[in-house]
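**Q** Just need the whole structure built from these sequences, with the hints factored in.
Chain order of the listed sequences is A and B. The first sequence: position 122 = 122 (our numbering), numbered continuously. The second sequence: position 91 = 91 (our numbering), numbered continuously.
Heads up, a few of these hints could be off.
Just so you know, same-sequence chains aren't split out, so a pair can sit in one copy or run between any two.
[Said to hold, decoys possible] Here are the simulated DSS-like pairs of lysine-lysine, each with C-alpha atoms no more than 30 Å apart in a straight line:
(1) K123 - K151
(2) K123 - K86
(3) K139 - K151
(4) K151 - K86
(5) K105 - K35
FYI, nobody ran anything at the bench for these hints, they're computed from the structure.
Protein chains: 2
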Amino acid sequence: MELYSERGFAQTTVAEIAARAGLTERTFFRHFADKREVLFAGARSLQELLVSSVASAPDSVAPIDAIAGALAAAGAVLQERGEYAKQRQAIIAANTELQERELIKLASLASALAEALRERGVKEPAASLTAEAGIAVFKIAFERWAAETDKQDLPRLIRDSLEELRAVTAGH
Amino acid sequence: MELYSERGFAQTTVAEIAARAGLTERTFFRHFADKREVLFAGARSLQELLVSSVASAPDSVAPIDAIAGALAAAGAVLQERGEYAKQRQAIIAANTELQERELIKLASLASALAEALRERGVKEPAASLTAEAGIAVFKIAFERWAAETDKQDLPRLIRDSLEELRAVTAGH
DNA sequence: AGGGCGATGTCAGTTGCTGCCATCACTCAC
DNA sequence: GTGAGTGATGGCAGCAACTGACATCGCCCT
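**A** Below, the structure written as structure tokens:
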């Protein structure tokens with residue numbers, strides 16, 4: 001992260017990263033599948049949080065609200081690491097390859113959420129659509145949160161965005 | 001496409017592609033930014049179709065329906081090239097890097113659609129949310145269409161998926 | 001003491017991609 | 001028609017991201 005922030009992702013070489021960490025380039029690739037993956041190491045724990053949050057929601061909660069609750073919980077976690085999350089986002093925003101990686105991580109999250117919904121008995125077109133819609137809401141809320149300098153509440157932004165989506169899909 | 005289908009994307013070298021095309025490797029990279037971009041050469045024209053479709057919708061049409069109409073039109077075009085579109089999709093589905101590229105192309109489409117909505121006077125959280133929701137609907141409809149062996153109507157699938165999204169966001 | 005075992009180092013090799021310069025065909029003004 | 005541009009291509013050298021194979025080292029366990 002230091003190197004990526006200082007001179008940019010593309011201008012940072014794996015050899016430099018390894019050197020600063022006191023390791024070999026070869027060792028770097030044993031810990032991270034590729035150069036980008038460094039910034040997404042925490043994705044798995046976030047996914048587990050989301051999935052378990054959906055799974056533990058009461059049966060009475062509608063699918064979309066189970067997703068919204070999980071996303072709000074994840075948002076709260078990200079907000080705690082506010083400084084780090086925003087710096088990370090700035091790095092990603094500055095590089096196309098990193099954006100690609102982030103998008104596929106989000107798609108993977110959507111798949112996991114859809115699977116969690118299926119285990120709640122949600123049928124198939126609905127499960128994927130709900131999950132994808134949730135991720136879309138999260139993306140936009142997170143963008144706004146990361147862009148704003150004043151401290152907005154991320155879970156609140158997420159819930160507001162979902163309301164906006166409801167209004168918008170209803171045909172306005 | 002021939003080479004990617006025969007031996008897979010990762011196992012195909014740019015030198016091989018260039019050789020089959022009767023060109024030099026160097027020349028290949030003058031036509032395509034990288035090895036993946038070959039499969040996404042048509043993305044620009046699709047984006048233009050979508051944007052102009054949204055722009056030309058009557059003012060009385062709700063934003064979400066303008067998006068849905070554009071997506072259905074794009075779906076009709078893809079359906080004409082059914083054979084090609086499905087083969088292409090199979091190649092992409094078999095390789096992670098290609099999925100990343102596809103996702104960022106879809107994100108770019110969403111941005112363009114959001115911009116088109118803004119020009120119709122839609123305000124900002126709504127424009128992006130509508131566009132992203134539309135892309136989500138399109139993604140899922142297209143997946144189903146490409147997976148099914150029997151001939152389903154893609155524009156129809158898109159509209160049905162939107163209805164499903166409406167039901168699902170409403171809280172069911 | 002010795003025998004696994006996991007993490008690391010070393011090295012060579014492939015491949016994607018880029019910069020630089022030369023060549024060649026083609027056009028267009030003069 | 002001649003020469004100056006212009007655009008597409010080839011050739012070449014080089015960097016950096018990865019990968020595979022093998023050696024080494026520290027550590028635990030018997």
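**Q** Work down the list of hints and note, for each, if the structure agrees.
**A** Hint check:
| no. | hint | in the structure |
| --- | --- | --- |
| 1 | K123 - K151 | between (39 Å within a copy, 22 Å between copies) |
| 2 | K123 - K86 | between (36 Å within a copy, 25 Å between copies) |
| 3 | K139 - K151 | within (18 Å within a copy, 34 Å between copies) |
| 4 | K151 - K86 | within (12 Å within a copy, 46 Å between copies) |
| 5 | K105 - K35 | both (15 Å within a copy, 22 Å between copies) |
The structure fails none of the hints (numbered hints given earlier).
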